Amino acid sequence: MSLSVKHLLGIRDLQRQDIELIFQTADQFKEVLQRPIKKVPTLRDTTIVNLFFENSTRTRISFELAEKRLGADTVNFSASGSSVSKGETLIDTVNNILSMKVDMVVMRHSASGAPHFLAKHINVPILNAGDGINEHPTQALLDAFSIRERLGSVEGKKIAICGDIMHSRVALSNIYCLKKLGAEVTVVGPPTLIPKYMAAALGVNVSYDIREALQWCDVANVLRIQLERQNTPLFSSLREYSLAYGVNRQLLDSLNKEIVIMHPGPINRGVEINSDVADSGQSIILDQVENGVAVRMAALYLLAGKKSE
Amino acid sequence: MKTILNGKQMAITIDRLCHQLIENHLQFEQTVLIGLQPRGIYLSGRIHQTLLKLVPGAHIDYGKLDITFYRDDFNQSKTLHVPSETSIDFSIENKKVVLIDDVLYTGRTIRSALDAMLDFGRPASVELLTLIDRRFSRQLPIQPDYTGRTIDALISQKVRVLWNERDGNDEVILID
Numbered sequence: 001m002s003l004s005v006k007h008l009l010g011i012r013d014l015q016r017q018d019i020e021l022i023f024q025t026a027d028q029f030k031e032v033l034q035r036p037i038k039k040v041p042t043l044r045d046t047t048i049v050n051l052f053f054e055n056s057t058r059t060r061i062s063f064e065l066a067e068k069r070l071g072a073d074t075v076n077f078s079a080s081g082s083s084v085s086k087g088e089t090l091i092d093t094v095n096n097i098l099s100m101k102v103d104m105v106v107m108r109h110s111a112s113g114a115p116h117f118l119a120k121h122i123n124v125p126i127l128n129a130g131d132g133i134n135e136h137p138t139q140a141l142l143d144a145f146s147i148r149e150r151l152g153s154v155e156g157k158k159i160a161i162c163g164d165i166m167h168s169r170v171a172l173s174n175i176y177c178l179k180k181l182g183a184e185v186t187v188v189g190p191p192t193l194i195p196k197y198m199a200a201a202l203g204v205n206v207s208y209d210i211r212e213a214l215q216w217c218d219v220a221n222v223l224r225i226q227l228e229r230q231n232t233p234l235f236s237s238l239r240e241y242s243l244a245y246g247v248n249r250q251l252l253d254s255l256n257k258e259i260v261i262m263h264p265g266p267i268n269r270g271v272e273i274n275s276d277v278a279d280s281g282q283s284i285i286l287d288q289v290e291n292g293v294a295v296r297m298a299a300l301y302l303l304a305g306k307k308s309e
Numbered sequence: 001m002k003t004i005l006n007g008k009q010m011a012i013t014i015d016r017l018c019h020q021l022i023e024n025h026l027q028f029e030q031t032v033l034i035g036l037q038p039r040g041i042y043l044s045g046r047i048h049q050t051l052l053k054l055v056p057g058a059h060i061d062y063g064k065l066d067i068t069f070y071r072d073d074f075n076q077s078k079t080l081h082v083p084s085e086t087s088i089d090f091s092i093e094n095k096k097v098v099l100i101d102d103v104l105y106t107g108r109t110i111r112s113a114l115d116a117m118l119d120f121g122r123p124a125s126v127e128l129l130t131l132i133d134r135r136f137s138r139q140l141p142i143q144p145d146y147t148g149r150t151i152d153a154l155i156s157q158k159v160r161v162l163w164n165e166r167d168g169n170d171e172v173i174l175i176d
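First to last, the sequence lines map onto chains A and B.
Read in order, the letters of the first sequence are residues 1 to 309 in the working numbering.
Read in order, the letters of the second sequence are residues 1 to 176 in the working numbering.
FYI, nobody ran anything at the bench for these hints, they're computed from the structure.
There's no promise every hint is true.
[Unchecked claim] Stretches of chain B that chain A covers, calculated by requiring three or more beta carbons in the stretch to come under 8 Å of a beta carbon on chain A: (1) 56-67; (2) 82-90; (3) 118-132.
[Unchecked claim] Every beta carbon over 10 Å from chain A, so not counted as near; a handful from chain B, in silico: (4) Q20; (5) E23; (6) V32; (7) R39; (8) H48; (9) N75; (10) R108; (11) Q139; (12) I142.
[To be verified] Calculated Cβ distances over 12 Å to all of chain A for the following chain B residues: (13) E93; (14) Y105; (15) R138.
As the structure is a prediction and not an experimental result, all values here were calculated from the model.
Cβ coordinates follow ideal geometry from the N, Cα and C atoms, glycine included.
Turn these sequences into a full structure, and let the hints steer you where they fit.
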């Protein structure tokens, strides 16, 4: 058994078996992370560079921990303070790093498709840690893994993805991942934040009514409003957005069932989600973060093994 | 294909191994059993069950260990190994550990197992029990403390241990 891909650029390229193999492997890494010594020597002869051309807290720390717990050596790069500001191209930057004998690349970039472009020019495995508004595959994998952990499986479950669908790479990767695993997906948010033709292109339901979507779903994945990617105003104010689409306790109490609440972070408390929801027993937000390390260990392990085939 | 042990012989051998364990560990107060994934756990399961019958009132800790992440051939192996479950929900600190696997061949699995086990604590001692010992084929200085049957086999030959739970019958066969 091995992955059908050489790079993890997006969930779009994966088969269902690939996702299941990653989950099966992540289960075992989750057990490793409970041991007195939370580290295995598997990748001790592998060096991994984390190229972050865009800000990140969770993903970056999570990847770095995953790499260290696999025994790999890590090098960190951030665009600010590097020669990128002197005008070096992406390929030059990466080739210079690779010539120092680096075996794998984890990359985040604000341009959609940057890792795909890089994959055509270098021959080491690349893991996409988020590219623009395209995909964030490891986030979708850890989200689905967390749903599977909480509800037993993903197949047949109803998932609502709420909020800024337009600018969210998490939304797109989640939709691919959940559909491949046999879940039903509804995207919900203001019409200005949901791309046209979404239903036809991706096979999801579209709703503009948050209450209706929450009543329908088993799990609600609430997304952050990405103001940094919005060039023109798409809603009148954060306050109005919060009143119309914010997930709060009162809204959840008005449903006739208890749904699971997820959020990929960072949370804008009081905007898309209120603290009385984010910190409640219904929320698996911190489980998502915990599972992130195990899922990323699985992805790194499986891609590193692919390299030697 | 040749039968090394049939079902009846296997049962007798496993019983004998259990009695040898009792000889050295009496009530198993300080002893834990650890079966190696994926193929050793059928043997370790049988031994655990048999010991519980033979030593009434004994509580014997029993875990399963997967060595995939500790292999020494990660970058050389053609196929990627998919890990199995590890479940050791007790401390092995200062315990006498009996490692259990079905076939001892090059010794590399046991080397990995020793590494993996040390991440769970520092045992007082470690012993090795195998159903089949393929002697003269060791690549590392590792020998079993309890052996079901010692055999000589060519490198080109394969030893397969079949279990009722998984394969439908108990048998040890040599495949050319």
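Taking the hints in turn, this is what the structure says about them:
no., hint, in the structure
1, 56-67, "violated (count 1)"
2, 82-90, "holds (count 6)"
3, 118-132, "holds (count 3)"
4, Q20, "holds, 31 Å"
5, E23, "holds, 32 Å"
6, V32, "holds, 15 Å"
7, R39, "holds, 17 Å"
8, H48, "holds, 20 Å"
9, N75, "violated, 5 Å"
10, R108, "holds, 14 Å"
11, Q139, "holds, 19 Å"
12, I142, "holds, 19 Å"
13, E93, "violated, 9 Å"
14, Y105, "holds, 22 Å"
15, R138, "holds, 22 Å"
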